[in-house]
Amino acid sequence: SSLSQETALECHFGTDRTFEARWVNSSAVECVHVLLHTSEKSHLFPVNLQLKDRPDRFIDSPEMMTVEVYNCATGSTDCSQCLGREDLGHRCVWSEGSSSCRLHSDFPPASDVCPAPEIKKVRAQCKWRVRAGTAGGAEGWNRLRAKEEPRFVPGAAGVIPDQTQRRSAMASRLQSCGTGSVAEAFSDVVTVNVSREGKSRERYSYVLPVVQSIAPLSGPKAGGTRVTIRGSRLDVGSELRILVNTSKQCTDVSRDDSTITCTMPSAELTTAVRVCIQFENKSCASHNITFKYEKNPIISDINPKKSQISGGRIITLEGRGFELVQNVSMVVRGIGREQTSCKVHTDTVITCPAPAATNVTVGSKPAPVDFYLNGRLYADDRPALDEEVYPEEALHISKFSLEYYADPQFFTAKKEKWIKHHPGEPLTLVIHKEPDSLGLESNEYQVKIGLISCEIQIVSDKVIHCSVNESLSTSERQLPVTIQVGKFNYTIAMLHLGGGETAIIVSIVICSILLVLSVVALFVFCTKSRRAERYWQKTLLQMEEMESQIREEIRKGFAELQTDMTDLTKELNRSQGIPFLEYKYFVTRTFFPKCSSLYEECYILPSQQLSSQVGSQAQETHPLLVGEWKIPENCRPNMEEGISLFSTLLNNKHFLIVFVHALEQQKDFAVRDRCNLASLLTIALHGKLEYYTSIMKDLLVDLIDASASKNPKLMLRRTESVVEKMLTNWMSICMYSYLRVRELDRCCCGREFSTARSGYTLNEEWLLRENIEAKPRNLNVSFQGCGMDSLSVRAMDTDTLSQVKEKILEAFCKNVPYSQWPRVEDVDLEWFATSTDSYILRDLDDTSVVEDGRKKLNTLAHYKIPEGASLAMSLSDKKDATLSRVKDLDTEKYFHLVLPTDESVEHKKSHRQSHRKKVLPEIYLTRLLSTKGTLQKFLDDLFKAILSIRDDKPPVAVKYFFDFLEEQAEKRGITDPDTMHIWKTNSLPLRFWVNILKNPQFVFDIDKTDHIDACLSVIAQAFIDACSLSDLQLGK
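For this note's numbering, add 322 to where a residue sits in the sequence shown, where the first one is 1.
Worth flagging that the hints you see were computed from the coordinates, not collected in a lab.
Just so you know, these numbers come straight off a predicted model, no measurement behind them.
Every residue, glycine too, gets a C-beta built ideally from N, C-alpha and C.
Among these hints, one or two may not hold up.
What the hints assert, rightly or not - Derived lysine-lysine pairs resembling DSSO-like cross-links, with alpha carbons at most 30 Å apart: (1) K809 <-> K770; (2) K1010 <-> K906; (3) K989 <-> K1019; (4) K1215 <-> K1129; (5) K737 <-> K755; (6) K975 <-> K1097; (7) K1215 <-> K1178; (8) K1129 <-> K1320; (9) K755 <-> K739; (10) K916 <-> K1019; (11) K1019 <-> K628; (12) K627 <-> K739; (13) K989 <-> K975; (14) K770 <-> K737; (15) K1178 <-> K878; (16) K878 <-> K1129; (17) K1136 <-> K975; (18) K665 <-> K687; (19) K770 <-> K736; (20) K1129 <-> K1186; (21) K770 <-> K665; (22) K989 <-> K1032; (23) K1032 <-> K687; (24) K784 <-> K627; (25) K1259 <-> K1275; (26) K1035 <-> K1320; (27) K1254 <-> K1306; (28) K614 <-> K906; (29) K604 <-> K614.
To be verified - Restraint-style ranges between C-beta atoms, simulated for each label pair: (30) F733 <-> G761: 16 to 22 Å; (31) K665 <-> E777: 22 to 28 Å; (32) N1102 <-> S1252: 30 to 36 Å; (33) E440 <-> V532: 34 to 40 Å; (34) D1353 <-> E1087: 24 to 30 Å; (35) V846 <-> T813: 23 to 29 Å.
Sequences and hints are given; from them, build the entire structure.
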């Protein structure tokens, strides 16, 4: 009313349904040209008024307005349904011509009376009980409209209209009513009057049911007995109840014309009770039907109490009262849901096949067994439990149990898969069996050959004998031999049936072939014997020659070893010592061995650039050594603030300990990540060593608590936690000054090991087990740009050019830290053959020899460089295209002195390689002892320097930590001296000294090759073995 008629409005009927609104007067609006569609019987559309220019502004309405749109053709399949929609306000009419419901405006009006109703089905089993009110139902078409009252008459011309009662009605489809009583039986059609009259096609009868007997007459008081009530015309009516003792009902009722079957309920007492059959809730049809409840059956024991996993073993139930049991089932809880049916044999015996175990492990505890007698869970002499009401898993404890074992294993005597047999001959099979705990009887085995049973004669724990009395069929040449135990069925072998005549022919042929082969074998034997005699004479000569070669090799090896070690000792005495690394490089290499190893930097890091000058310092590239992080200026304040806050948290002891433990509990937090975390914490707290020590001690206490409950001797044996790596770093920091004081540079002998050939080594794997004829070459070498005169360098004619370069660099740079040496691939070696001719010497060039598809590396002998030859070394402008080191060799393409051994072609090459002297490779094992004996003095001095403690300046950190370990052991009552010794050994020798011995490059500026690393591993193992209290057991 607040809007003027000039305001333009629209009618909105939901999404995308907007139509023009026209003002009728100042208070009324009409929606014009409205067209709405629906495929449903009826649909309500909401109606709202909105401003035409502003669709988002709606006119308020006190109540929600809706418009109903209906479809006459939907939901109206017959005349009564169509005309019945008049009460809903739907203007629908029925079209007889098209048998459809139409809109009143689209079709001229017709009669509002529908055709006569059609009865299609009457439900009450086509019969009604005499003198009873049976509920009958009729289904059909065109029954009635909503306001019409039907007349439902089951009699001729409405014989009993006064007794008919309308109980329910649904337009057009279903009518139900209750019938009245009649004096005698009769039959007629059913008539329905709804304006018009409709009759059924079939005749329906009033009858009188007769009950005669019940069987069985007794059952257990637990209930579940399935009884059968016999009589005539028992399918009358629509409702049936069977009352037991007037209070309980018989369930699961099914019936036909002559029988009614149902399940008896349980009872409290053992007595006879009356059974009442009620039709349509009327009086009992018979008064002399009784049922007697007896005592429940008793199961006293089951045998056997074991079964194989496949199941099927016959379990015998012993007890009494089984004559009352109609059906028995067996269930084993915890193995699956399989339920097996049992068989009642006598009043005292029931047999049940054991169910298969689908989810049980062998050797687990016995599984409880439940039995269901007549569908009721057997509960000893207690009241029975209904499995549908009371789940047995929760309320029932079984008296019996069954233990499952693995299926028995069978095989033939020789475990063959084929057994040959000639038809007509007696067949006796011997089947072997693995011992088990099932205790199977002879009658539980069933052996078959094909479909023929094999009679079992002898059964023991390990062997089964059976024989076949009848002849086997020859139509099939192969028959399976199977053995069955319960449900376990296993095919042991296949029986192959062969023909008799064929076997004789085959035997003759085989004997003939064997005779011929024997003659040939005799001839070959005689020939081989004469040849073997000649070979033996030749072998004796070769053995004498080999003995002579072995004696010569022993003398030569001993002389060479003494000469080489004497030269090594002189070289060490002339050396100025091995340079120590600065503390920051020592810490970096110790804390982060994988990141800051110079050896790896030389071959892995792509960013390293060598200086052209000899003696330039190789720079460490670990991120911690970078002077300043490259952070964008816009991110720098946030980064600095974050680092400051994190540093504050790291100084919180409680947070740091919880932080470490939380990370260690992560499954994907690997050992390498833990070591990196420990090293990063050590760097971050390096300036607060006292705080770092307290954190380490608290974490060690937690580690000791965890190890003390298991095996305390294994503590600190490996580095698998953050605190163990922290302890290693702490020892390295505290022992660095003590390490410098001990002057170990005279004892480690790290770089000088590179002068030893692999023929003399401490590690068996690096021992060259072949005689190589090598001659020394003294070379006059000058190094351009080095500022030194030419030197005489001793090399071998079997050395590759890379090895010669290494020896030359060692001669010129022996007193220079290794990090300042130029690399082998960055220098060129030139040989001046004459005053005018010179050659650049390389490992590989166009003159390299090819053997068996592999290139042989060039040596001094290959270039025929004489004694005293003049060589010049200079820094190259570009990298040599040849191989850098022996470790980079691809053995599939290159080799040095000896081709890789191939046993398959060794015999073929024996004649071609006969010029090379061969001796037993084991003869060179004595060089291991010789090398160890020669280095004994150096190792004694090394161990003495490590283990000797000065009285005036002992390592305080070690004393402090050992006191801490003793205090923790005393608190936990650990008095075993071996345990304390192991803790201390794992703390200092294993975590510090062994690390230094195996990795001298952590302390000294040297190069550690793979050969040196293998030798140092032997020395480190000898050092840690020396710290053991137990006697060492040497193996072969």
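How the hints compare with the structure:
1. Between the alpha carbons of K809 and K770 the distance comes to roughly 14 Å, so the proposed pair stays at or under 30 Å and holds.
2. About 17 Å separates the Cα atoms of K1010 and K906, which keeps this hinted pair within 30 Å; it holds.
3. At most 30 Å may separate the alpha-carbon atoms for a hinted pair to count; K989 and K1019 meet this at roughly 25 Å.
4. For the hint linking K1215 to K1129, the alpha-carbon distance of about 25 Å falls within 30 Å, and the restraint holds.
5. Between K737 and K755 the alpha-carbon distance is near 11 Å, which keeps this suggested pair within the 30 Å criterion.
6. In summary, the hint linking K975 to K1097 is not supported, as the alpha carbons are separated by about 66 Å, beyond the 30 Å threshold.
7. This hinted pair checks out: K1215 and K1178 have alpha carbons roughly 9 Å apart, not beyond 30 Å.
8. Taking the CA atoms of K1129 and K1320, the gap is about 23 Å. The hint holds against a cut of 30 Å.
9. At roughly 15 Å between alpha-carbon atoms, K755 and K739 fall within 30 Å of each other, so this suggested pair holds.
10. Our distance criterion of 30 Å between C-alpha atoms is met by K916 and K1019, whose separation comes to about 27 Å.
11. For the given pair, K1019 sits about 57 Å from K628 by alpha-carbon distance, which is inconsistent with the 30 Å threshold.
12. Among the hinted pairs, K627 with K739 is inconsistent with the structure: their alpha-carbon atoms are about 34 Å apart, more than 30 Å.
13. About 24 Å separates the Cα atoms of K989 and K975, which keeps this hinted pair within 30 Å; it holds.
14. Between K770 and K737 the alpha-carbon distance is near 18 Å, which keeps this suggested pair within the 30 Å criterion.
15. Distance check on the hinted pair: K1178 and K878 sit about 27 Å apart at the alpha-carbon level, within 30 Å; holds.
16. Taking the CA atoms of K878 and K1129, the gap is about 23 Å. The hint holds against a cut of 30 Å.
17. Taken as a hint, the K1136 and K975 pair is broken in the structure, with Cα atoms around 49 Å apart against an allowance of 30 Å.
18. For a cut-off of 30 Å, the pair hint linking K665 to K687 stands: about 27 Å separates their Cα positions.
19. Using a Cα cut-off of 30 Å, the hinted pair K770 and K736 holds, with the two alpha carbons roughly 20 Å apart.
20. For the proposed pair K1129 and K1186, the alpha carbon gap of about 19 Å is at most 30 Å, so the pair holds.
21. A hinted pair counts as satisfied when its Cα atoms are at most 30 Å apart, and K770 with K665 qualifies at roughly 25 Å.
22. For a cut-off of 30 Å, the pair hint linking K989 to K1032 stands: about 21 Å separates their Cα positions.
23. As the CA atoms of K1032 and K687 are separated by approximately 29 Å, the hinted pair is consistent with the 30 Å bound.
24. Straight-line distance between C-alpha atoms of K784 and K627 comes to about 21 Å, which keeps the hinted pair within the 30 Å bound.
25. Under the criterion of a C-alpha separation no larger than 30 Å, the hint pairing K1259 with K1275 is consistent with the structure, at around 26 Å.
26. For the hint pairing K1035 with K1320, the CA-to-CA distance comes to about 24 Å; that is within 30 Å, so the pair holds.
27. With a C-alpha separation of about 28 Å, the suggested pairing of K1254 with K1306 holds against the 30 Å cut-off.
28. This hinted pair does not check out: K614 and K906 have alpha carbons roughly 101 Å apart, beyond 30 Å.
29. Under the criterion of a C-alpha separation no larger than 30 Å, the hint pairing K604 with K614 is consistent with the structure, at around 24 Å.
30. Between F733 and G761 the Cβ separation comes to about 20 Å, which falls inside the hinted range of 16 to 22 Å.
31. Taken as a hint, the range 22 to 28 Å holds for the pair K665 and E777, whose Cβ atoms sit roughly 25 Å apart.
32. For the hinted restraint 30 to 36 Å between N1102 and S1252, the CB-CB distance of approximately 32 Å keeps it satisfied.
33. Roughly 35 Å separates the CB atoms of E440 and V532, a value that falls within the hinted 34 to 40 Å.
34. The hinted window of 24 to 30 Å between D1353 and E1087 holds, with their beta carbons roughly 26 Å apart.
35. For the pair V846 and T813, the supplied restraint of 23 to 29 Å is violated, since their beta-carbon distance comes to about 44 Å.
Hint compliance for this structure: hints 6, 11, 12, 17, 28, 35 are broken, all remaining hints hold.
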